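Chemist: With chain B fixed as given, assemble chain U onto it according to the hints.
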Amino acid sequence: AQKITQTQPGMFVQEKEAVTLDCTYDTSDQSYGLFWYKQPSSGEMIFLIYQGSYDEQNATEGRYSLNFQKARKSANLVISASQLGDSAMYFCAMGGGYNKLIFGAGTRLAVHP
Amino acid sequence: DAMVIQNPRYQVTQFGKPVTLSCSQTLNHNVMYWYQQKSSQAPKLLFHYYDKDFNNEADTPDNFQSRRPNTSFCFLDIRSPGLGDAAMYLCATSSSQRTRRGTDTQYFGPGTRLTVL
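Chains B and U, in that order, give the protein sequences.
With our numbering applied, the first sequence corresponds to residues 1 to 113, in that order.
With our numbering applied, the second sequence corresponds to residues 1001 to 1117, in that order.
Next comes chain B alone, as it looks inside the complex (with noise of 0.2 Å):
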């Protein structure tokens, strides 16, 4: 069976400074790719990040980059210069057989200024 697994529930950052967002995966497939979303407090889950199983280089979208390491079937989220906007709950997620996302629990990141 898939799983994701976020085990850090809350975490806090300064801003400015870099953060990084645990997950860890278990699958039996070969072929599979790893997503991050974002969900402020509007609700809205919004499409940060994407690394595919195949992919040999890591992710980045501007200020978002991913540590994949498929050995340890791990895929943390790395935010950059963290902002006060960057407050928001953090979502790992597994794409499934038929393209169902599998969710990890999240965590709920908070930014100080």
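One thing to keep in mind: the hints can contain errors.
[To be verified] Some chain B residues well away from chain U (every beta-carbon gap over 12 Å; in silico): (1) I4; (2) T7; (3) E15; (4) K16; (5) A18; (6) T20; (7) G33; (8) A71; (9) Q83; (10) D86.
[What the hints assert, rightly or not] Taking CB as the label site, the calculated pair distances span: (11) U:A1086 <-> B:A81: 18 to 26 Å; (12) U:F1054 <-> B:Q14: 47 to 55 Å; (13) U:P1008 <-> B:P40: 17 to 25 Å; (14) U:N1063 <-> B:P9: 40 to 48 Å; (15) U:V1012 <-> B:K70: 40 to 48 Å; (16) U:Y1010 <-> B:T20: 32 to 40 Å.
[To be verified] Partial chain B-side listing against chain U, Cβ under 7 Å, derived: (17) E17; (18) P40; (19) A105.
No lab work stands behind these hints: they were computed from the structure.
Since we're looking at a predicted model, the values are computed, not measured.
Glycine included, every Cβ here is placed at the ideal spot set by N, Cα and C.
Modeler: Just chain U now, kept in the frame of chain B:
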């Protein structure tokens, strides 16, 4: 801009009174999904449409139904809402092939927050 739109953003209904939530998309994606998200939890997939083919999750209550009259629109019908159905309902879309690749990004709408009185 291409997007996923949900209406209304907030819906209040009475216990047992049928309610319909709507979702539309301008992305021309072939797959549409409905998720239920309760407070402080991850989204839970209720069902999805691959084109016109309806796929129900095994644990989705019969109280929840869906319609997709065309590519752009999808509706979530709750026949007799209970207090436990109060939640955020998220619609998502993706452009996907019928494979197990699991590599296609899902794009979400802003959600409809349902309150049941």
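Chemist: Compare the structure with each hint and give your call.
Modeler: Now for the hints, and whether the structure bears them out:
no., hint, result
1, I4, "9 Å, violated"
2, T7, "14 Å, holds"
3, E15, "25 Å, holds"
4, K16, "28 Å, holds"
5, A18, "25 Å, holds"
6, T20, "20 Å, holds"
7, G33, "4 Å, violated"
8, A71, "19 Å, holds"
9, Q83, "21 Å, holds"
10, D86, "18 Å, holds"
11, U:A1086 <-> B:A81: 18 to 26 Å, "38 Å, violated"
12, U:F1054 <-> B:Q14: 47 to 55 Å, "48 Å, holds"
13, U:P1008 <-> B:P40: 17 to 25 Å, "19 Å, holds"
14, U:N1063 <-> B:P9: 40 to 48 Å, "31 Å, violated"
15, U:V1012 <-> B:K70: 40 to 48 Å, "47 Å, holds"
16, U:Y1010 <-> B:T20: 32 to 40 Å, "35 Å, holds"
17, E17, "26 Å, violated"
18, P40, "10 Å, violated"
19, A105, "6 Å, holds"
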